[in-house]
Amino acid sequence: NAGVTQTPKFQVLKTGQSMTLQCAQDMNHEYMSWYRQDPGMGLRLIHYSVGAGITDQGEVPNGYNVSRSTTEDFPLRLLSAAPSQTSVYFCASSYGRGADNSPLHFGNGTRLTVT
Amino acid sequence: AQSVTQLGSHVSVSEGALVLLRCNYSSSVPPYLFWYVQYPNQGLQLLLKYTSAATLVKGINGFEAEFKKSETSFHLTKPSAHMSDAAEYFCAVGYNFNKFYFGSGTKLNVKP
Numbered sequence: 001n002a003g004v005t006q007t008p009k010f011q012v013l014k015t016g017q018s019m020t021l022q023c024a025q026d027m028n029h030e031y032m033s034w035y036r037q038d039p040g041m042g043l044r045l046i047h048y049s050v051g052a053g054i055t056d057q058g059e060v061p062n063g064y065n066v067s068r069s070t071t072e073d074f075p076l077r078l079l080s081a082a083p084s085q086t087s088v089y090f091c092a093s094s095y096g097r098g099a100d101n102s103p104l105h106f107g108n109g110t111r112l113t114v115t
Numbered sequence: 001a002q003s004v005t006q007l008g009s010h011v012s013v014s015e016g017a018l019v020l021l022r023c024n025y026s027s028s029v030p031p032y033l034f035w036y037v038q039y040p041n042q043g044l045q046l047l048l049k050y051t052s053a054a055t056l057v058k059g060i061n062g063f064e065a066e067f068k069k070s071e072t073s074f075h076l077t078k079p080s081a082h083m084s085d086a087a088e089y090f091c092a093v094g095y096n097f098n099k100f101y102f103g104s105g106t107k108l109n110v111k112p
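Those sequence lines, one after another, are chains G and F. Using the working numbering, read the first sequence as starting at 1 and increasing by one per residue. Using the working numbering, read the second sequence as starting at 1 and increasing by one per residue.
Simulated from the structure, these hints should not be mistaken for laboratory data. We treat Cβ as the ideally placed atom computed from N, Cα and C, and that holds for glycine. Heads up, some of the hints might be wrong.
Said to hold, decoys possible - Examples of chain G residues toward chain F, derived with CB under 10 Å:
{"no.": "1", "residue": "L43"}
{"no.": "2", "residue": "G58"}
{"no.": "3", "residue": "T115"}
Unchecked claim - Residues of chain F placed beyond 12 Å of chain G at every Cβ, according to the derived structure:
{"no.": "4", "residue": "R22"}
{"no.": "5", "residue": "K49"}
{"no.": "6", "residue": "D85"}
{"no.": "7", "residue": "K99"}
{"no.": "8", "residue": "K111"}
Given these sequences and hints, build the entire structure.
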């Protein structure tokens, strides 16, 4: 199994440009999420989804958009990139959708630089 | 708001020495607790997770963690550090609908 696959691995954008970070999982997980990782701040939840057609905001949703049309895919859209969005982005999925202790499975990340 | 505190952004130990990485959480309800490890340029991997079956949890690579409800802590330990343990470690708490909150991370350096 491939697990959680993120593309691209690296991306450089100019301020104001838009782009989509792709995330796909082949484990039939209902739950998927996006995090950003910044030095000294750990991982912060951007958006998450508990199933196809259902999304919700996390801690830092501003400037990002998501949709979940299939169980496998959960793309993250940057509407108008800003330097503050320079970060490493991780997609993660999990089996559970309720109150359980199913751990997250992570992709290898996308390193985004906005100039 | 829920929070996770990891004391010490950098910890340095000698090879063979005890590893202790601290994690405290703030919650009125015992959450689901996890430790993840991140090697350079990689995603996070699950090291161990707390289940209500036992307060002492054993994970991969010889790591273990003890849940102490009275102290709201879930510290990670390993009796003898190995060079391959050098990485960044994250404590995380999970709540309903798999909302996970991560600590700020602790970078472990292992000296030969």
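Outcome of the hint check:
no. : hint : in the structure
1   : L43  : 4 Å, holds
2   : G58  : 7 Å, holds
3   : T115 : 21 Å, violated
4   : R22  : 14 Å, holds
5   : K49  : 6 Å, violated
6   : D85  : 19 Å, holds
7   : K99  : 7 Å, violated
8   : K111 : 23 Å, holds
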